[in-house]
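Asker: Letter by letter, the chains look like this.
There are 4 protein chains.
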Amino acid sequence: MRLGILTGGGDCPGLNAVIRAVVKTAVLDYGFEVIGFLDGFKGVVENMAKPLSLEDVSGILPRGGTILGTSNRDNPFKYRTPEGIRDMSAQALENLSSWGIDLLITVGGDGTQAIALKFMEKGLKVIGIPKTIDNDLGGTDQTFGFDTARAVATEAVDRLHSTAESHHRIMVLEVMGRDAGWIALHAGLAGGADIILLPEIEFSLEKAAKAVERRERMGKRFSIVVVAEGARIGGKKVYLMKVDDPTQPMRLGGVGRVVAKTLQDAVGLEARYTILGHLQRGGSPTPFDRILATRFGYHAVKAAASGEKGKMVALKGNEIRLVDLAEAVGNPRRVEPNHELVLTARAIGVSFGDE
Amino acid sequence: MRLGILTGGGDCPGLNAVIRAVVKTAVLDYGFEVIGFLDGFKGVVENMAKPLSLEDVSGILPRGGTILGTSNRDNPFKYRTPEGIRDMSAQALENLSSWGIDLLITVGGDGTQAIALKFMEKGLKVIGIPKTIDNDLGGTDQTFGFDTARAVATEAVDRLHSTAESHHRIMVLEVMGRDAGWIALHAGLAGGADIILLPEIEFSLEKAAKAVERRERMGKRFSIVVVAEGARIGGKKVYLMKVDDPTQPMRLGGVGRVVAKTLQDAVGLEARYTILGHLQRGGSPTPFDRILATRFGYHAVKAAASGEKGKMVALKGNEIRLVDLAEAVGNPRRVEPNHELVLTARAIGVSFGDE
Amino acid sequence: MRLGILTGGGDCPGLNAVIRAVVKTAVLDYGFEVIGFLDGFKGVVENMAKPLSLEDVSGILPRGGTILGTSNRDNPFKYRTPEGIRDMSAQALENLSSWGIDLLITVGGDGTQAIALKFMEKGLKVIGIPKTIDNDLGGTDQTFGFDTARAVATEAVDRLHSTAESHHRIMVLEVMGRDAGWIALHAGLAGGADIILLPEIEFSLEKAAKAVERRERMGKRFSIVVVAEGARIGGKKVYLMKVDDPTQPMRLGGVGRVVAKTLQDAVGLEARYTILGHLQRGGSPTPFDRILATRFGYHAVKAAASGEKGKMVALKGNEIRLVDLAEAVGNPRRVEPNHELVLTARAIGVSFGDE
Amino acid sequence: MRLGILTGGGDCPGLNAVIRAVVKTAVLDYGFEVIGFLDGFKGVVENMAKPLSLEDVSGILPRGGTILGTSNRDNPFKYRTPEGIRDMSAQALENLSSWGIDLLITVGGDGTQAIALKFMEKGLKVIGIPKTIDNDLGGTDQTFGFDTARAVATEAVDRLHSTAESHHRIMVLEVMGRDAGWIALHAGLAGGADIILLPEIEFSLEKAAKAVERRERMGKRFSIVVVAEGARIGGKKVYLMKVDDPTQPMRLGGVGRVVAKTLQDAVGLEARYTILGHLQRGGSPTPFDRILATRFGYHAVKAAASGEKGKMVALKGNEIRLVDLAEAVGNPRRVEPNHELVLTARAIGVSFGDE
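Chains as they are written, first to last, in numbering that gives the first Met the number 0: chain Z, 0 to 354; chain C, 0 to 354; chain D, 0 to 354; chain R, 0 to 354.
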């Protein structure tokens, strides 16, 4: 059997661990071959690929990024060519066929798996491996990369504590999460934040300011705020991610900046804000992420060997299961307002800016 | 309501996070009072205790250890006194009563919860919070502290890689786990170890040596071995933990040393060994452990407020549940030889020294 | 003898280590008393102070921030009062006198030491301890805090590498340094940056873009740029630090954003930028910083005991020396364009955007 | 010009940074070629070598170990062959000549540089680059690797603090340093150890026990001891490093174990000990070590290009200088009993077990 593999979407700690586990399991356990396509689906369309040997994946387990490269805007069904947007899916299938690919393992998030699903409808065998920093992909309880992002964000909260305390300031940390506040919720809880602002829980900065003032009355002359980039101020998102969209200003520190300025004006304490940005994606994966990525890689190959297709490996509780790929696509996980972690945070005095 | 709390057994990252969550939830969410007993059950017998305020638990979330102190040999039912071993449980109950304790939260492992269970039989209301570095306590899928220990051990494996490769050596890392090999299994998998030796999987060093030789034939002139301290050589444990047992030599590097020497002699590569020891217990807890500890603390108080007793908070899948305290005691979790992580490790080429 | 101590200016890893060393040396080695003034010179004017015992400084060595609090805008000579700007120096001296302070140890940067110098002219005995994240204070080869800031910035460069490589992007990291590029130079060199942009070396983004293109021609489809916040684009600084200046927009990601956008437009590779900001100030100091801070604290007390005044402790090569406080003030250290580190960086292929 | 390079002796964080800087400077700045010899002088004798290109050194800056491999017992003048110990230096010179090596850069410690010196006497041009974890090499103020080892050891002290405090124990950490106590002194000072035991300062465990008791009287029911592996108990070293010497027992935890047991028996507090061992050598170098290694690499090539030979690059204060290779050999740096760091430590209450 000959497997193809690609990594799509934003990079994420653990991608190399997945690739390593796929290659090792395929070669050592099943005697399969593995072909790696470069830069996500772009490599499938442009026919950039190479066989992956045990030697190729040696030593990559602890490394961030992906040795295959990735791309987050190369949809073969709407492919940007010099002549404009084209459907290059037939070319992609032809290339896969020319490499003798029996099944394609697609490591990626919602966008990547949606494309995988469309290829499946055209007859390609695919097994998906879920990947998202934000942990908001449907069908799986957790994705690799999230634990690392959470660790980076928590360390940042830890660091901000000393400045907050020493200067009697409000320190605002903006973390990833355009639609889902998982990183903000977890890092806020783990870092001992006083206020956590999420896209899923409607809040007002007036109420957040009241929370800061309640702390002042208890003798705490500082506050730590963790805010997800997708949190809405007055019902509107204010983040602007890219530097190259000519119709929009560049990223301005989005919501974190607005939160800092508003709280400062309301409360009269100095405020500063920090945007973690890409630091959350980089660096060596945590043990949890290395292990989850390895499990996903192993189970994907095992599923392929068992004749499965159109499935995605997923974490359910402590176990790896296969779910329909369709279940994962367009079905994002959000923080429910009465999620147990939210209730836990409220019980220990964290404000979500809503009361 | 007035809650008592104590931390028993070996220290463990996350204990302070538990104490903080218990106090914050009790005071802020329920208006309860909390009395902290010092040095585990010793403080109950000796009546060393103090009220815990919000100020007492401020800033302790990221800190290792326990502000209450702990002790791992002070069983009130067999208490060491100048006059010999005595049953001091009546004194302990009297002390608890004199402080007006309605319910005692016992944070600890198997030993601590077994004592809690005996006090429960004498009429004391108790809620247990599970704690063990080794992750081998029954009744719960995971305990806080384990993720941190795994992180420390994985970082050690990462560090040993460079020496192993540069010197073409066998590097042996001995990690905690007297009866259960969870840390060795996880850190070995996360760190990319070549050989993992566990108490639960019978192995021979001859077969482990063969695994090293197979690697040499593939051009890999080094190997990383992770071994749990309780792994058996020829069916016998060789670890010796304490420095104060007059009848025995002090800890000699136990099994790690034997593994290193035997592999060196068998294979002809230089071997070195390292014993992680207490480094696995110390330092700031990981975000996962801080969050799990916080959840445990919150749910323990909630359970107490709901009139529960004789229960232990536990992680089941992703959820916190209450289980009977008895379920946790004397019911250790072991690595099943066909555990999914073992199969995953085997699939990617890890040897368990048994084939 | 009774010593006063205060920490002024921006917080900095190692301040607590200084306070600890001053108190321990004073109490244990000389039998002196130490009074800590709160929030920098503000505490001197407002008479907020407290005796510092050994217990007060126990356990603070590894902690970021300062237990005394700090302030970076409370100059007693131009003190903001409800009635407007006033000279409160006489009040400050009276307060010091009322506490029986024989000599004041001022831990701070250029601003703090300039104030100390003015007090000295009014008859106050002072010993300065140099502090600046940026390492640009005159009179000393290095200040504590810099090694930690460099470590945080280098770790960030390490993290950005994986995204840069996986996505074939230009990743821009903006680090501290309004007037001096030491952090950018060191972190760029330590992190393996391809381009380093400093306030002290005139550069053009056209030339920086050429450096990116040279890398592309060598098959390197990514570049890492480290830029000091005070680097000038077209001869002008573009950073805007505060969120509270009504006459100016809030900090917009200043120079990092401009560099990213310009390089992206010029080269055609995607660019992203990250601003480290306050993360550089926070968290546990590195061993170097803990040791240097401890040495400074010890030598400051020793100098006081020897009858010295108007001096600053300083690192010269490997030794701690006393220099005139005046030497440190208004005499900033800059990166000379032919500094050995710059030459080293150029030799290994780093571009400074100037050729 | 064609340069040879080898790395000899124990591995050390920063070796790859040196190799990278040598190759980059040689190729980019001077147009030289570089040949890497494998496994230290063994590669010179056995003629195992390969040209090093820019691609070979890409990405190795942050990695521990050495891509060239190393060896610490292959002296060409006393080379172990199947026929016994032979002088293979002529063979080595012939091999170097066959590769057209104009000058050999020897990266290593005392042993490696002593061999380099002997080759120099036979007419080979050499430039040495100093390397030792222990920081005890003569001729240079500091070597790369030391800052990383100190960081690992300090982190270990930090971790042991929580167990020490929670359990009221004496925690003993044994660190590297057979003849020189630099790591113990620095990590002890940076980690806030209470007692530091060095090879260079005669101590008695009775006096160390008294220091523990003095702490107990001040209410400190725990102590942290950092001991260098080469510290002498009763005038004798007790460490045993290798697992393969048939005439001696394997390493038994040497001095750390003896210190723990003796203090426990003397004071009546529980004691535990930890041996850091190889963890001090591994992993990613700190920014300081990466920069120092890069500077050494650059200056070595520059010296070679200038016609220098028989020199070693060295750090003197803040500057890189050339010293005679002979100056570094057989001239170890020791901790003087009145070294400023020792006086600093004493002033803040650290005991060296001698009073």
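Derived from the structure by calculation, the hints contain no laboratory data.
Any given hint might turn out to be false.
Calculated lysine-lysine pairs in the DSS-like style (CA-CA distance at most 25 Å, straight line) [unchecked claim]: (1) Lys-260(R) / Lys-219(C); (2) Lys-315(D) / Lys-49(Z); (3) Lys-77(R) / Lys-124(R); (4) Lys-49(Z) / Lys-308(Z); (5) Lys-315(R) / Lys-260(R); (6) Lys-315(D) / Lys-77(R); (7) Lys-236(Z) / Lys-260(D); (8) Lys-219(R) / Lys-236(C).
To give a feel for the contact side, a few chain R residues facing chain C, derived at Cβ under 8 Å [claimed, not checked]: (9) Arg-62; (10) Gly-68; (11) Glu-164; (12) Leu-278; (13) Asn-330; (14) Asn-337; (15) His-338.
Positions of the beta carbon are idealized from the N, C-alpha and C atoms, including for glycine.
Asker: Flag every earlier hint the structure violates by its number, smallest first.
Answerer: The structure breaks hints 1, 2, 5, 6, 8, 13, 14 and 15; every other hint is satisfied.
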